[in-house]
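Asks: With the working numbering as the guide, the letters of the sequence shown map in order to residues 1088 to 1741.
These aren't lab readings, by the way, just hints derived from the structure by calculation.
Glycine included, every Cβ here is placed at the ideal spot set by N, Cα and C.
Mixed in with the good hints, there may be bad ones.
Claimed, not checked - Just the calculated beta-carbon pair ranges, DEER-fashion: (1) E1505 x K1684: 50 to 56 Å; (2) D1542 x N1354: 32 to 38 Å; (3) G1480 x F1583: 50 to 56 Å; (4) T1467 x D1542: 17 to 23 Å; (5) L1665 x F1583: 30 to 36 Å; (6) K1544 x K1684: 24 to 30 Å; (7) E1181 x G1296: 24 to 30 Å; (8) K1231 x E1367: 33 to 39 Å; (9) E1411 x K1544: 34 to 40 Å; (10) S1580 x E1411: 28 to 34 Å; (11) I1147 x D1191: 46 to 52 Å; (12) L1665 x I1227: 23 to 29 Å.
Claimed, not checked - Derived lysine-lysine pairs resembling DSBU-like cross-links, with alpha carbons at most 30 Å apart: (13) K1267 x K1428; (14) K1631 x K1373; (15) K1669 x K1231; (16) K1544 x K1667; (17) K1704 x K1737; (18) K1641 x K1579; (19) K1579 x K1645; (20) K1737 x K1231; (21) K1684 x K1647; (22) K1167 x K1684; (23) K1631 x K1647; (24) K1645 x K1593; (25) K1544 x K1373; (26) K1671 x K1654; (27) K1684 x K1737; (28) K1373 x K1456; (29) K1691 x K1647; (30) K1428 x K1376; (31) K1650 x K1671; (32) K1579 x K1669; (33) K1428 x K1633; (34) K1231 x K1684; (35) K1641 x K1593.
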Amino acid sequence: MSQPASQKKPPSASLNGRRALPPNFSNAEEDEVPEMEVIGLMPKGFNLKDYLQVVNVNMISSDQEINKQQHHTDRYYNPKLIVRRGQPYYIQIEFTRPYKPEKDVFWLEYIIEDSVFLDDEKEREEYVLNDVGVIFHGNINDIKTRSWNYGQFEEGLLDACLTIMDRAKLDLSGRSNPVKISRVASAMINARDDEGVLAGSWDNIYAYGVPPSSWTGSVDILLEYHSSASPVQYGQCWVFAGVFNTFLRCLGIPARVITNYSSAHDNNANLQLDIFMDEEGIVDTKLTKDSVWNYHCWNEAWMSRPDLPVGFGGWQAVDGTPQETSDGMYRCGPASVQAVKHGHVCFQFDAAFVFAEVNSDVVYSRAMKNGARVIEQIDTTHIGKLIVTKDIGSDGMKDITEQYKFREGTDEERLALETALMYGVKKEATQDSVHLPQSDVDMDFEVEHAVLGSDFKVTITFRNNGQSRHTATAYLSGNIVFYTGVPKNEFKSQSFDVILEPFSSKVVEVLISSSDYISQLLDQASLHFFVTARLNETRKILAKQKTSVLDIPKLHLKVKGEKVVGKEMFVTVEFTNLVKQKLKNVSVRLDGPGILKTVQRTFKEIPENSTLTWEEKCIPRRAGLRKLIASLTCDTLRHVYGELDVEIQKRLAV
């Protein structure tokens, strides 16, 4: 009997000379059944035909046969048998003669412990079998959605995902451990330090590659990486999350994409976001290193955690976006979501970093010329305002904020923060800090919802809740920012004075003209506003920050022809240029899982107020409710999307 694959040890990579062999990380199986060979002299009366010999083993692996049908693996474009953990499957064994139970003995033996089993059938359908999902982006005040083709069953995808583990040199025994798989893949999805799948770019320059906003799914990315063995350009957080989700679902690990609005990036691991201002209340960009992303996407993978105490299994946060190193590599997780919620950041892996993303405080400090640091304000509710994922069985949004943290302001939520600090999180010394009491005056502001290219207003409201009269010197700063919260440049600055009578309010409106920002916009049309006010009588500083995402024109899709498997159908993509300038070198991508493979067209220009129309012929190959997904990108305009649900009918037998 051959030794089980999980027990075989690969040859040592340290061997030298001509006999040295590379480690064997291949999943390839021998298709031939070894024949019995009698060695030495045969005893008298020995007849080989009397002995039971295996002639052939039929794995019943075609898409139409029982194994793949019952295991829901018939969607894989792969001729080999693919089975899921925890379910029986059938094989046919052909012998040299009829099998006689009373005298013939043979056995098959295997043990399966399913560490990623979900007991809810609808959840299995969603988190393992669904090949199209929804990724949420935008900001907390303007949530936007885009569909994503995971394509885990497409031709070549399974081989591409196995290749990722090969290139990570994950040993065969480790491939049965979802903790190891997800941690290794977290590093391999990005190319920051290991020539992994995707190279990230956040500087709005995408030379020699594809802008992140252009991708409609994971298929092209993984197939390109599989064939080229070089990182694909370019990705940002939702692209890393989409590709990671494909990898996990392809291997049968339940997975989903998570979006955290107002997501903290804590650079110094002190579990707080530090915003430093000068004595006048203007943000000091040189001292301020932490940032707040409009949103950040990562993944959750479902698994048991035998390495942690009971109760910390289930959903685990894993992140392929390269932000900080973990054990020397750019990766994050798997971190138990339950551990994050309760502040148990000592549990591996990277629970402290995830905790900071969803539940850290924003601390506004004033750096004085004498070196002292005055804490002006602590905002306990700005970070992790909303955490969402796609709902089961629909394209709706599921709020999972309370799976990551207790309700803001409750005793349990504050206790979780204290627990996190207690478990050895690095904390800066603050002996020279002074925390000023809150003032009778408070301030807030709202940004008017606007379409790209239009004018809008920022409305600032001051409230004096005390009996003393106050005067304030206020400052508004408008910045073009990357969605990660990192500013590119300031496009608007305005100072103004406010008089606040006792028990009264004052409203100030600041006009933002399209000419202020239109020529400087980045990918996601994201504008960040920071308003500070210094109370002249007390020198107290008030501060608020908010981000606005401008509405971007959409693509419109429609179909004509028979919506039947195997018959011609035509898809039309339309786009009207409402931006106040000509668009040049426009790339449009169209994707339709089960309907058509990804196609791309480039158009030299789209004049202002004109409409682009593109028609594409296709032949649907899969019945059911399918989705068409399209994107448009050019140097002037990105993150333009469109989608359409199409019900494809089965072809009737003639």
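Asks: Now tell me if each hint is right for this structure.
Replies: Taking the hints in turn, this is what the structure says about them:
Restraint check, E1505 to K1684: a C-beta distance of roughly 53 Å satisfies the suggested window 50 to 56 Å. The supplied range of 32 to 38 Å is met by D1542 and N1354, whose beta-carbon atoms lie about 36 Å from each other. Look at G1480 against F1583: about 51 Å separates their beta carbons, and that is inside 50 to 56 Å. Take T1467 and D1542: their Cβ atoms lie about 35 Å apart, and the range 17 to 23 Å is violated.
Separation of L1665 from F1583 is about 33 Å and conforms to the stated range, judged on CB atoms against 30 to 36 Å. For the hinted restraint 24 to 30 Å between K1544 and K1684, the CB-CB distance of approximately 46 Å leaves it violated. Separated by about 52 Å at the C-beta atoms, E1181 and G1296 break the suggested range of 24 to 30 Å. For K1231 and E1367, the hinted distance range of 33 to 39 Å is satisfied, since their beta carbons lie about 36 Å from each other.
E1411 and K1544 have their C-beta atoms about 38 Å apart, which keeps the hinted 34 to 40 Å range intact. Checked against the hint of 28 to 34 Å, the pair S1580 and E1411 passes, with Cβ atoms roughly 32 Å apart. Separated by about 22 Å at the C-beta atoms, I1147 and D1191 break the suggested range of 46 to 52 Å. For the hinted restraint 23 to 29 Å between L1665 and I1227, the CB-CB distance of approximately 25 Å keeps it satisfied.
With a C-alpha separation of about 23 Å, the suggested pairing of K1267 with K1428 holds against the 30 Å cut-off. The hinted pair formed by K1631 and K1373 meets the criterion: a straight-line CA distance of about 19 Å does not exceed 30 Å. At most 30 Å may separate the alpha-carbon atoms for a hinted pair to count; K1669 and K1231 meet this at roughly 25 Å. For the hint pairing K1544 with K1667, the CA-to-CA distance comes to about 19 Å; that is within 30 Å, so the pair holds.
Of the supplied pair hints, the one linking K1704 and K1737 holds, its CA atoms being roughly 19 Å apart against a limit of 30 Å. Of the pairs offered as hints, the one joining K1641 and K1579 holds, with about 28 Å between alpha carbons and a cut-off of 30 Å not exceeded. Between K1579 and K1645 the CA atoms are separated by roughly 41 Å; this puts the pair beyond 30 Å, and the hint is violated. Taken as a hint, the K1737 and K1231 pair is broken in the structure, with Cα atoms around 33 Å apart against an allowance of 30 Å.
Distance restraint check for K1684 and K1647: the Cα-Cα separation of roughly 18 Å lies within the 30 Å cut-off, and the hinted pair is therefore satisfied. Proximity of K1167 to K1684 is assessed by CA-CA distance (about 23 Å); at most 30 Å being required, the pair is judged to hold. Pair hint K1631 plus K1647 does not hold up; C-alpha atoms about 51 Å apart against a cutoff of 30 Å. Between K1645 and K1593 the alpha-carbon distance is near 50 Å, which puts this suggested pair outside the 30 Å criterion.
Of the pairs offered as hints, the one joining K1544 and K1373 holds, with about 29 Å between alpha carbons and a cut-off of 30 Å not exceeded. For the proposed pair K1671 and K1654, the alpha carbon gap of about 35 Å is over 30 Å, so the pair is violated. Using a Cα cut-off of 30 Å, the hinted pair K1684 and K1737 holds, with the two alpha carbons roughly 19 Å apart. With a C-alpha separation of about 15 Å, the suggested pair K1373 and K1456 falls inside the 30 Å cut-off, and the hint holds.
Using a Cα cut-off of 30 Å, the hinted pair K1691 and K1647 holds, with the two alpha carbons roughly 27 Å apart. Of the pairs offered as hints, the one joining K1428 and K1376 holds, with about 25 Å between alpha carbons and a cut-off of 30 Å not exceeded. Proximity of K1650 to K1671 is assessed by CA-CA distance (about 34 Å); at most 30 Å being required, the pair is judged violated. With a C-alpha separation of about 25 Å, the suggested pairing of K1579 with K1669 holds against the 30 Å cut-off.
A C-alpha spacing of about 26 Å is found between K1428 and K1633, which places the hinted pair at or below 30 Å, so the restraint holds. Proposed proximity of K1231 and K1684 is supported: the alpha carbons are some 25 Å apart, at most 30 Å. Taking the CA atoms of K1641 and K1593, the gap is about 38 Å. The hint is violated against a cut of 30 Å.
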